[in-house]
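Peer 1: Assemble chain B onto chain A, guided by the hints.
Those protein sequences? They're chains A and B, same order as listed.
Taking the numbering used here, the leading residue of the first sequence gets 424, the next gets one more, and so forth.
Taking the numbering used here, the leading residue of the second sequence gets 105, the next gets one more, and so forth.
If you're looking for bench data, these hints aren't it; they were derived computationally from the structure.
Hints are supplied without guarantee of correctness; some may be wrong.
[Stated by the list, open to error] Some chain A residues close to chain B (C-beta under 7 angstroms, calculated; not the full set):
id : residue
1  : Y451
2  : P463
3  : G466
4  : K480
5  : F523
6  : A525
[Said to hold, decoys possible] Quick list of the computed label-pair ranges, beta carbon to beta carbon:
id : chain 1 : residue 1 : chain 2 : residue 2 : range
7  : A       : Y451      : B       : L130      : 30 to 40 angstroms
8  : A       : Q425      : B       : K168      : 40 to 50 angstroms
9  : A       : L471      : B       : S113      : 20 to 30 angstroms
10 : A       : D462      : B       : K124      : 35 to 45 angstroms
11 : B       : A176      : A       : F469      : 41 to 51 angstroms
On a predicted model such as this, the values are computed, not experimentally measured, just so you know.
A virtual CB, placed ideally from N, CA and C, is assigned to each residue, including glycine.
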Amino acid sequence: SQKIEQNSEALNIQEGKTATLTCNYTNYSPAYLQWYRQDPGRGPVFLLLIRENEKEKRKERLKVTFDTTLKQSLFHITASQPADSATYLCALANDYKLSFGAGTTVTVRA
Amino acid sequence: GAVVSQHPSRVICKSGTSVKIECRSLDFQATTMFWYRQFPKQSLMLMATSNEGSKATYEQGVEKDKFLINHASLTLSTLTVTSAHPEDSSFYICSARSSQGLSGNTIYFGEGSWLTVV
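In isolation and in its complexed conformation, chain A is listed as follows (with noise of 0.2 angstroms):
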């Protein structure tokens, strides 16, 4: 069966460092990746969309990495700032039906 996996449950870094979160997958072939932010008790929000083709996509301080042979995306966060902080959620799709991680929480201290 399809599995999404976000590397940790929660991450802690300082301000001004960049934040990794990592997001891996089995039995499953995506056409692309998205990445979302969702704050406590509320909806999510889209980030980024990549690709199957693509390798890297960047919006300003977020980067995102897709590598459909390791089967995995890294999403980055340069120069985190503490309203940075939220749950980062992966979600994989070949049609519009998302497939979603659980999330990592990242914390940025100031």
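Peer 2: Just chain B, lined up with the frame of chain A:
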């Protein structure tokens, strides 16, 4: 930007009663809407996919007679939890797929609805 609105954001109901949650796309037409359920510290689990004017497609293990979905227009889908029980207490989130303009084929999520069954 595109907005998806859910109502109510929080609802408490008595065990055995039914409760309806609405999901509206405010500035775009949504040909497809999705309903998810999320338990604390867990992932979003897709419950069903609804297409305007047709029956919803439910994921394995989701009871279609318990979770009634109606997608009567291109901007509104409703989820009715029938004969709710405490184990149905959860965070229900909808998403909508836009097929228009610059937002074409993008998925937008609502803010979610907290259901507590007492």
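Peer 1: Each of the hints needs a verdict: does it hold here or not?
Peer 2: For each hint, the structure was consulted:
Proximity of Y451 (chain A) to chain B is violated relative to the hint, the smallest CB-CB distance being about 14 angstroms (cut-off 7 angstroms). Given the 7 angstroms rule on beta carbons, the hint for P463 (chain A) is violated: about 10 angstroms separates it from the nearest Cβ of chain B. Interface restraint check: G466 (chain A) against chain B, minimum CB-CB distance 4 angstroms, threshold 7 angstroms, status holds. With a cut of 7 angstroms, the hint placing K480 (chain A) at the interface with chain B is violated, because the nearest CB-to-CB distance is about 15 angstroms.
Because the beta carbon of F523 (chain A) sits about 4 angstroms from the nearest beta carbon in chain B, less than 7 angstroms, this interface hint is met. A hinted interface residue such as A525 (chain A) counts as satisfied when its beta carbon comes closer than 7 angstroms to some beta carbon of chain B; here the least separation is about 4 angstroms, so the hint holds. At about 33 angstroms, the CB distance of Y451 (chain A) to L130 (chain B) agrees with the hint of 30 to 40 angstroms. At about 22 angstroms, the beta-carbon gap between Q425 (chain A) and K168 (chain B) misses the expected band of 40 to 50 angstroms.
In this structure, L471 (chain A) and S113 (chain B) meet the distance hint of 20 to 30 angstroms, their C-beta atoms being roughly 27 angstroms apart. One distance hint, 35 to 45 angstroms for the beta-carbon pair D462 (chain A) and K124 (chain B), is violated here, with the actual separation near 26 angstroms. Take A176 (chain B) and F469 (chain A): their Cβ atoms lie about 26 angstroms apart, and the range 41 to 51 angstroms is violated.
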